[in-house]
Amino acid sequence: MSCSLTLYKPSEFIRKTANGTLDMESSRKAVRDLAEVARFHRDSHIMLDLRDTESTISPVEQMKLAMEFGQYRQRFHNRIAVLIPATSDRIEKANLMKRCMEAEGFEMKVFVSFEHAIEWFSEVAPLDPPH
Amino acid sequence: MSIGIKVYQTKDFIRKTAQGRIDLARSLEAVRELAKAANYFKGHSILMDLRGTEVDGDRSDALRVAAAFAIHFKSFRNKIALIIPDTAERMAKAEFMRTCMHLQGFQWEFFMAYEDAIDWLSDITEL
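Sequence lines, in order, name chains A and B.
Here the working numbering is used: the first residue of the first sequence is 569, the next is one more, and so on.
Here the working numbering is used: the first residue of the second sequence is 5, the next is one more, and so on.
The hints are simulated quantities; they were obtained by calculation from the structure and are not laboratory data.
You may find that some hints are simply not true.
To be verified - Computed list of lysine-lysine pairs in PhoX-like fashion (alpha-carbon distance at most 25 Å, straight line):
no.: 1; chain 1: B; residue 1: 15; chain 2: A; residue 2: 577
no.: 2; chain 1: B; residue 1: 40; chain 2: A; residue 2: 632
no.: 3; chain 1: B; residue 1: 97; chain 2: B; residue 2: 20
no.: 4; chain 1: A; residue 1: 577; chain 2: A; residue 2: 597
no.: 5; chain 1: A; residue 1: 632; chain 2: A; residue 2: 677
no.: 6; chain 1: B; residue 1: 97; chain 2: A; residue 2: 577
no.: 7; chain 1: A; residue 1: 666; chain 2: A; residue 2: 632
no.: 8; chain 1: B; residue 1: 46; chain 2: B; residue 2: 20
no.: 9; chain 1: A; residue 1: 661; chain 2: A; residue 2: 577
no.: 10; chain 1: A; residue 1: 577; chain 2: B; residue 2: 40
no.: 11; chain 1: B; residue 1: 78; chain 2: A; residue 2: 666
no.: 12; chain 1: A; residue 1: 584; chain 2: B; residue 2: 15
no.: 13; chain 1: A; residue 1: 577; chain 2: B; residue 2: 20
no.: 14; chain 1: B; residue 1: 83; chain 2: B; residue 2: 97
no.: 15; chain 1: B; residue 1: 78; chain 2: A; residue 2: 661
no.: 16; chain 1: B; residue 1: 46; chain 2: B; residue 2: 97
no.: 17; chain 1: B; residue 1: 10; chain 2: A; residue 2: 677
no.: 18; chain 1: A; residue 1: 677; chain 2: B; residue 2: 15
no.: 19; chain 1: A; residue 1: 584; chain 2: B; residue 2: 10
no.: 20; chain 1: B; residue 1: 10; chain 2: A; residue 2: 597
no.: 21; chain 1: A; residue 1: 597; chain 2: A; residue 2: 677
no.: 22; chain 1: A; residue 1: 597; chain 2: A; residue 2: 632
Claimed, not checked - Derived DEER-like restraints, expressed as beta-carbon distance ranges:
no.: 23; chain 1: B; residue 1: 71; chain 2: A; residue 2: 593; range: 32 to 40 Å
no.: 24; chain 1: A; residue 1: 635; chain 2: B; residue 2: 25; range: 49 to 57 Å
no.: 25; chain 1: B; residue 1: 55; chain 2: A; residue 2: 626; range: 23 to 31 Å
no.: 26; chain 1: B; residue 1: 71; chain 2: A; residue 2: 591; range: 56 to 64 Å
no.: 27; chain 1: A; residue 1: 596; chain 2: B; residue 2: 32; range: 50 to 58 Å
no.: 28; chain 1: B; residue 1: 129; chain 2: A; residue 2: 596; range: 39 to 47 Å
no.: 29; chain 1: B; residue 1: 96; chain 2: A; residue 2: 591; range: 44 to 52 Å
no.: 30; chain 1: A; residue 1: 670; chain 2: B; residue 2: 32; range: 44 to 52 Å
no.: 31; chain 1: B; residue 1: 56; chain 2: A; residue 2: 588; range: 53 to 61 Å
Stated by the list, open to error - For the chain B half of the interface with chain A, some residues (derived, Cβ under 8 Å), not all of them:
no.: 32; residue: 109
no.: 33; residue: 119
no.: 34; residue: 122
Cβ atoms here follow ideal geometry from the backbone N, Cα and C, with glycine treated the same way.
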């Protein structure tokens with residue numbers, strides 16, 4: 569048996585979970601809701617859980633959505649993790665969104681695993697057993 | 005009105021990840037190791053990731069492991085979450101272990117999904 573001991577210091581995060589079909593209107597509303605909440609949680613990371621969604625948003629709409637986020641840039645101080653279904657179509661779309669968001673100055677990463685998103689939100693330090 | 009947004013505050017935690025076969029001796033060693041770490045990092049929860057393990061041993065061994073935890077009760081002031089493989093056999097073993105641990109006064113729970121364990125280890129506020 570092999571073992572490892574690790575110390576995790578997870579940061580507070582705001583989680584928005586969506587279901588069903590993502591269109592431009594509902595996405596814009598989600599951005600506004602998040603911006604409102606982020607005002608009061610300045611040190612929180614953001615997790616957008618889109619694993620149970622289908623997306624009808626086009627590449628052009630994605631650019632517009634990134635610009636919508638950009639209008640609230642000053643409210644988002646931390647990392648944005650986007651959880652998506654593990655399909656090539658969604659990964660391709662999410663990577664385009666990531667590039668658009670980075671162009672607006674955001675730090676965003678795409679994940680298909682909740683566990684990896686939490687790791688990104690955490691300080692993780694290997695731990696030697698104390699003697 | 006709920007806008008489907010939640011705020012997660014997850015307490016710092018010590019994660020122990022194990023792989024391979026676990027027998028009684030290894031389990032008792034792991035308890036001692038965790039107790040030392042938990043005693044040093046007071047206020048931290050514990051997450052034991054056993055998804056990559058197979059367990060030897062019966063209920064008698066589970067009782068011994070629970071008793072070993074009880075020896076270090078003061079070191080484990082917070083929650084202990086276990087993540088196990090999603091099999092009926094492991095669930096049955098974990099359910100028995102949970103009974104033993106609850107009888108000893110521990111906040112102990114098992115999960116098959118990492119996400120559910122994090123939910124349990126977090127204070128979640130719905131907005």
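Looking at the structure, which of the earlier hints fail to hold?
Numbers 2, 4, 6, 9, 11, 15, 16, 23, 25, 28, 31, 32 - these are the hints that the structure violates, sorted from lowest upward.
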